[in-house]
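Asks: Kindly generate the complete structure, drawing on both the sequences and the hints.
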Amino acid sequence: MGKEKYEESSSDEEVNSSSDVVEASSDEEVESSSDEVEVSSDDVESSEDESSSDNEKVEESDSSEDEVAPRNTVGDIPLVEWHKDEEHIGYDIKGRKIKKQPRKDKLASFIEGADDPKNWRKIYDEYNDEEIELTKDEIKIIQRVISGRTPHAEVNPYEDYVDWFEYEDKGHPLSNAPEPKRRFIPSKWEQKRVANLVRKIRAGLIKVSDQHKEEEHNVYSLWTDDTDSVENKKHGGYVPAPKPKLPGHEEAYNPPVEYIPTAEEINSYELMYEEDRPKFIPRRYLNYRSVPAYDKGVKESFDRCLDQYLCPRTRKKRINIDPESLKPKLPSRKDLRPYPTTCYLEYRGHMGPVNCISVDPSGQWLASGSTDGTARVWEIETGRCLKIWEVGEVARQICWNPSPDRPILAVVLEYDVLLLYSGMGDIDIQTKMKELLHISEPGATEDAGDSKSAATWIQHEKHDGIRMKHFKAVSSIEWHFKGDYFTTVVPSGDSKAILLHQLSKKHSETPFRKLGIPVTAVFHPSKKKFFVATKKFVHVYDLSKVEKIQKLETGVREISSISIHPGGENIIVGSKEGKMCWFDLELSTRPYKTLKVHSKDITRVTFHRTYPLFASASDDCTAYVFHSTVYSDLNQNPLIVPLEILRGHKPEHGRGVLDCKYHPRQPWLFTAGADSIIKLYCH
Amino acid sequence: MEPNGSGSDASRQVQARFVTRLPPPLRVPPASMAVPSHLTRFGLSDIVNLLLKNSDPDHENQPFDFLIDGELVRMQLDEFLIAKGISAEKVLELEYVKAVAPRKQEDPRPHDDWVSAVDGSNSSFILTGCYDTFVRIWKSGDVSECTHVLEGHTGAITSAKFIDIRGVENEQNFHLVTGSKDRLLRLWKCDAAKRRGDPIRVGAYKILAGHTSSVQSVSVNPSREMICSGSWDCSIKLWDVKESEEDGDGTTISLKKRKVNSKTKESVDARLEGAATSTLVGHTQCVSVATWPDPDVLYSASWDHSVRQWDVPSGKETWTMVCGKALNCLDIGGEGSALVAAGGSDPVLRIWDPRKPGSLAPIFQYSSHSSWISACKWHPRSWFHLLSASYDGKVMLWDLRTAWPLAVMESHQDKVLCADWWKDDSVVSGGADSKLCITSGIEIQ
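From first to last, the protein sequence lines stand for chains L and P.
Heads up: the first sequence is residues 1 to 683, going by UniProt numbering.
Heads up: the second sequence is residues 1 to 445, going by UniProt numbering.
Just so you know, these hints were derived from the structure itself, not from any lab.
There could be a bad hint or two in this list.
[To be verified] Here are the simulated SDA-like cross-link-like pairs (lysine to any residue), alpha carbons at most 20 Å apart as the crow flies:
| no. | chain 1 | residue 1 | chain 2 | residue 2 |
| --- | --- | --- | --- | --- |
| 1 | L | K387 | P | D132 |
| 2 | L | K387 | P | E273 |
| 3 | L | K387 | P | G155 |
| 4 | L | K527 | L | H539 |
[As the list claims (entries may be wrong)] Far from chain L by the CB rule (all over 12 Å, computed), these chain P residues:
| no. | residue |
| --- | --- |
| 5 | K104 |
| 6 | L417 |
| 7 | K423 |
No residue lacks a Cβ here, since even glycine has one placed at the ideal position from N, Cα and C.
Replies: Below, the structure is given as structure tokens:
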């Protein structure tokens with residue numbers, strides 16, 4: 001129905017348009033009869049095969065403009081202005097000037113036009129400077145275009161819809177409803193709105209700026225790689241993914257043959273260390289679909305999850321310091337040989353923890369005192385026990401007289417000090433010692449002379465020595481290097497805490513004022529100086545003037561033992577919390593170095609007499625050996641190098657190594673353990 | 001192939017020829033033969049024994065040791081060739097010698113205390129010093145028989161030596177010297193006459209006093225006229241015993257008188273006391289050993305870590321070598337009786353060659369022991385063999401031609417304090433387990 005209607009309307013229009021140019025067409029027909037013939041012949045052809053003729057015509061019309069090459073070649077220039085005064089209007093294809101046609105005056109041209117019936121069909125082509133006479137067909141096309149129809153009459157714009165593609169539910173075609181009218185008429189509301197805007201603009205309510213601001217184009221470099229730019233680094237985020245390799249690399253599914261390792265190479269990978277082994281071994285697959293799943297995929301993603309789960313969420317500021325550079329520059333242990341390293345000899349025989357040991361000045365014998373109530377003398381060379389004294393009480397300290405011609409041992413029992421002849425001398429010495437250790441009138445003179453004497457000297461019959469009775473328990477004993485004087489310490493608060501004894505006169509005195517509770521006291525190895533250690537301080541006395549010279553602040557909780565360097569200017573102090581302090585008397589009254597080495601109480605610190613060594617023994621069953629070079633140059637600080645940890649003793653009732661002493665001439669260390677063994681560590 | 005039984009499955013073989021310097025009954029035909037290369041000395045020993053048995057049916061199997069280019073084979077043959085870089089293409093010359101190994105452990109001779117000194121230079125008697133201050137003489141034989149007990153010292157004996165090593169058969173008397181921790185040396189003479197029953201008690205005929213500390217070692221010079229002693233007082237003293245021996249002959253009867261006197265009185269008859277002819281001073285610590293291998297040259301080792309060579313006529317040091325360890329024992333022997341073997345406060349037995357100029361490094365170091373070495377002795381006749389005793393309770397036999405010990409004798413239960421060769425084929429050793437152990441049957445050509 002609708003279709004027919006359209007056809008009708010189109011035919012109506014044709015009629016209308018044709019009627020407009022009736023006069024012209026009648027004229028045309030006469031003149032261009034030859035053309036008509038041609039056209040009609042065309043029409044005949046077209047009637048035979050419409051579609052093909054259509055195509056041909058379209059082709060003709062397309063190519064017709066191309067066929068006629070423009071005579072003028074000057075291009076698209078304003079001809080009127082440029083060539084106004086010129087004789088030519090341009091150049092043809094060969095470069096020759098195209099002369100302007102002679103201008104007809106207006107009157108002549110009017111007359112000519114009045115005479116020529118086809119004049120209305122002529123157009124002046126300014127470009128080529130010629131007049132063109134339009135044909136009848138061209139006029140028709142122009143008329144159709146003007147009237148708003150398709151240029152060619154053969155074109156049917158409303159052809160029937162041919163449903164080329166059959167589909168199943170044909171019953172629901174697309175909507176075939178005609179376009180509603182409202183789509184073809186201007187909107188009333190739009191008009192109102194525009195009018196409103198116009199009114200507001202006029203009233204000045206809306207300002208339309210004249211200047212159109214030029215939009216600033218953000219120009220950026222498309223091709224530069226900005227991963228290294230400062231901006232990117234500042235934000236520290238973006239790291240581009242690596243560019244993928246071109247196909248044919250070793251990780252491709254079908255890599256070139258040269259990437260494929262041979263069986264021998266694969267076997268050799270097996271022999272490599274885990275970290276040296278290549279991560280990926282190229283393999284060939286026939287096609288992409290036969291590539292298996294990545295076998296480590298699950299594990300790696302699990303690891304990745306684990307990493308992310310465990311990774312710290314904050315960015316750590318890490319200072320990049322080589323840990324080696326933080327270590328103090330110490331000489332190699334090899335260069336500091338000899339020092340004790342290995343235990344070769346053991347001295348067995350004691351039945352209880354060995355509390356104390358002492359080596360005789362020649363280095364041939366070793367004396368020891370034990371909880372089992374015995375004091376023994378051992379032969380160092382063979383480990384044979386040479387002599388046993390049944391003292392009956394726990395031997396707390398033992399000390400060999402440093403003078404070689406006085407082989408006397410001082411043994412500290414609970415309240416008493418025993419002075420015994422060691423028996424390691426020839427007959428002359430033996431008789432001398434017997435004289436020395438003999439008290440003619442036991443105790444009488446002493447008691448009479450000084451009623452409040454701190455110690456009484458009594459002849460000890462059983463072991464043929466001297467027994468010195470103290471009023472309180474004795475904690476330490478130390479001989480003067482000449483072997484005549486010795487000191488004992490009674491840990492009490494009064495002035496009688498430190499006693500000085502003279503062996504040759506059998507006389508005791510208490511020259512020191514009270515200073516806290518002393519722990520131990522030692523003589524200077526060569527000068528007339530005396531060191532008293534209280535719980536936290538070490539007091540240095542001058543014996544000739546009997547006055548205090550220095551007071552050393554250790555900073556430890558409780559001093560357990562001290563030892564004086566053979567040079568006399570350096571002291572080591574061991575404490576009950578496992579710390580060891582090195583004092584340089586000429587440097588400061590504070591420790592030059594504090595070494596925290598042991599986990600339990602330090603029981604003994606000791607210097608070697610000749611080698612630059614010192615050692616510490618502790619209840620944690622270890623003994624540490626240190627190297628210590630003391631320079632004669634005052635500007636150079638002592639060099640302390642830890643050398644060796646000596647283990648071997650077994651813990652017994654929470655105690656470990658109870659005493660340690662160096663051999664006087666060899667770089668050997670004796671350690672006495674709570675396991676009732678004395679060990680000798682040799683170099 | 002060879003009838004060794006393992007030839008069939010051996011993959012590789014080397015051409016070898018067995019040569020020897022042994023007497024003819026132990027010689028095999030010198031033809032070369034193919035030997036499986038995986039054999040050790042035991043397999044090679046089997047081959048030689050089989051070859052010997054082929055020629056002599058009465059041959060008794062015995063172990064042999066094999067030398068290639070003067071080195072004892074102590075691993076598989078192929079490993080040895082690779083280690084030494086010897087071509088396996090050549091015909092290998094395998095020299096075989098009788099294996100040195102202890103074959104018999106004799107009954108230990110019990111003592112009352114630690115045995116600290118032993119001397120085996122007399123072929124029929126052994127001299128031992130003990131910590132119970134007695135010196136004992138043991139007669140060789142299966143029965144442990146103590147023939148003499150020498151009384152007099154008041155300290156542990158550290159060293160005891162025969163001055164005469166002439167056999168008993170042609171000499172009526174022993175002549176001995178002992179050193180002790182009581183700072184004295186004593187000279188003894190005793191009758192070697194065989195007697196049943198209790199051991200004879202003997203007293204010293206002369207006391208050599210002079211050391212101020214315990215005497216650590218005593219040694220007799222080759223002419224048997226002088227002795228030297230090293231002591232804890234850092235000195236070496238030389239004593240003349242020739243004239244005292246003559247004195248001693250005259251005072252044999254008065255000996256017993258003196259002994260009686262000494263019980264009542266501590267002072268010693270001045271006539272019986274001898275003095276040192278000279279003193280060599282130089283060591284800074286205890287002289288643990290002094291030996292006198294050559295009439296003019298004396299060697300000493302000390303705890304001051306040095307070995308010193310002394311020129312006896314001038315009394316001067318001619319050579320000093322510092323080894324870094326306190327030394328306990330020293331012996332001169334080996335090639336040309338010139339090599340110095342010493343051991344001390346570490347488990348390494350070191351051997352130096354003092355003739356080598358410009359170098360004080362040891363030429364051999366043997367470190368199979370695990371504690372201090374207390375004694376080392378060269379074999380009296382062999383240039384290659386020596387023994388060492390250690391506080392780890394072992395006595396080891398060494399051959400200079402290999403780095404492994406030839407034999408380890410673990411007959412002691414405690415420290416071994418002294419050891420010596422005896423009768424060329426036995427090792428006597430005394431230790432802290434109060435035993436004198438005798439290991440015999442060590443055949444050294």
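Asks: Output the numbers, in ascending order, of every earlier hint that fails for this structure.
Replies: 2, 6
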